[in-house]
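Chemist: Fit chain B to the known structure of chain A by using the hints.
Chains as they are written, first to last, in the working numbering: chain A, 1 to 162; chain B, 1 to 237.
Keep in mind the hints are simulated off the structure, nothing from the lab.
There's no promise every hint is true.
[Claimed, not checked] Residues from chain B shown here face chain A by an in silico Cβ test under 8 angstroms; the list is partial:
1) E57
2) A61
3) P64
4) G227
Even for Gly, the Cβ is constructed at its ideal location relative to N, Cα and C.
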Amino acid sequence: MSQLTERLEAPAGFESKTSEIQGLLGIKRAIRLSNRWRVSPEAFLVLPWRSDSDGFSFTLTSHWSVNFDFLASSVFSFSLGTGLLWESHFSQAEEVTVGGIASAGTFYKPSSWVQVVLPTAGAGMGVRITKKAIFQVGVLVPQFYSNQKRVFTGTGRLVIDL
Amino acid sequence: MSGWAWTHMGSNRFGWDTQRIVFYVNTTGCTLPDSQLYAVIDRALAAWNRIPSINLELVRASEPATNTEAQFRAGTATQLPMIVCSSQLNDYSGVDANSTLAFVPFFQANSAGHVTYSGLVLNAQVGAAAELSQYAEGELELILGHEIGHVLGLGHSSDPDALMFYQLNKEFLLITRDDQDGMAQLYPANALAELFGCAAVHQKKTRVPWAALFLFLIWFFALFSLGRRYSNIEPLL
Chain A
1 MSQLTERLEA PAGFESKTSE IQGLLGIKRA IRLSNRWRVS PEAFLVLPWR
51 SDSDGFSFTL TSHWSVNFDF LASSVFSFSL GTGLLWESHF SQAEEVTVGG
101 IASAGTFYKP SSWVQVVLPT AGAGMGVRIT KKAIFQVGVL VPQFYSNQKR
151 VFTGTGRLVI DL
Chain B
1 MSGWAWTHMG SNRFGWDTQR IVFYVNTTGC TLPDSQLYAV IDRALAAWNR
51 IPSINLELVR ASEPATNTEA QFRAGTATQL PMIVCSSQLN DYSGVDANST
101 LAFVPFFQAN SAGHVTYSGL VLNAQVGAAA ELSQYAEGEL ELILGHEIGH
151 VLGLGHSSDP DALMFYQLNK EFLLITRDDQ DGMAQLYPAN ALAELFGCAA
201 VHQKKTRVPW AALFLFLIWF FALFSLGRRY SNIEPLL
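Same shape as in the complex, but just chain A (with noise of 0.2 angstroms):
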């Protein structure tokens, strides 16, 4: 997942620090409404790599959507969904010392487990590189139906077709 926006504002020659780049891998099914059309289940989970931790923190994000699905092809496909984007980010409470400009400073992680659930509208394509597995790529707009909170979210997906 990659934030769009930021990406299409910054300043020449930082585009490539506005994108972090995370792997989503999901699951999907269908549900055949015509010779063209689905309805597909998708669920995804980001997989949560990271580096540089201070304390014991985590979040996992998973992303639960209802699709129409539209065959272009047996290979190409166009999909247009909504669901929800559900961030589970829990938190061992501690002191963390961290380096500050004249000295270091001591800050806090806190004891918390925190859910964070946001509505979504998503759009994409899809390549079916394998019988089982589709590689998507498109467009998560977390909290769509609000003006100041929408963002736009380029995603790169593998999906299992089970």
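Modeler: Frame of chain A; chain B shown alone:
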């Protein structure tokens, strides 16, 4: 790839007890034109507002603050949080006017963990190396964005890409995943909760409509169980 390096100013998710934080700006003594300073502040606030995973709106008060820098320094200001300019940084102990453009001198919270007194002081000490007018707008925006993060409750991060990184190592304002995660711990957005009429402001326990969420998941898995693999169904070409 940013890390889970975010920290907080307080030990137990200290944040403001409101969904809408109004920043009161007193430009008396500031060494930048008001319009320029307001524009920089607005852009810094707008950057934090764009985070979808937080239930928070930041605005600048449309009228200049009537509380003064002296009142803020004395701890008696009522228009909070404040942004003020100081021409005598010696009034704040331990602050070096030649290296500090902006700082947060107070971060006080009550027993419920809600921030009660905080704000931002800008260096307007003429002749100092870190005085306000010595900085380009992009740098000002970046530093103000960082300090606003402190006012909201974020501490420093050791992630060098994060806005809350403890050193100035960027040239423009960018809020990274690490910053967002730290903020989501303080002001988690629960759009489902808002839709179902139980929106929470800064609370120790976040209100998640678990019933609605599990109903959605049940409906999702019901649809899933009705589906089949794509490749078993051949489209007409």
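Chemist: Are the hints correct? Go through all of them and say.
Modeler: Checked hints:
| no. | hint | result |
| --- | --- | --- |
| 1 | E57 | holds, 7 angstroms |
| 2 | A61 | violated, 18 angstroms |
| 3 | P64 | violated, 24 angstroms |
| 4 | G227 | holds, 3 angstroms |
Checked against the numbered hints above, the structure violates hints 2, 3; every other hint is satisfied.
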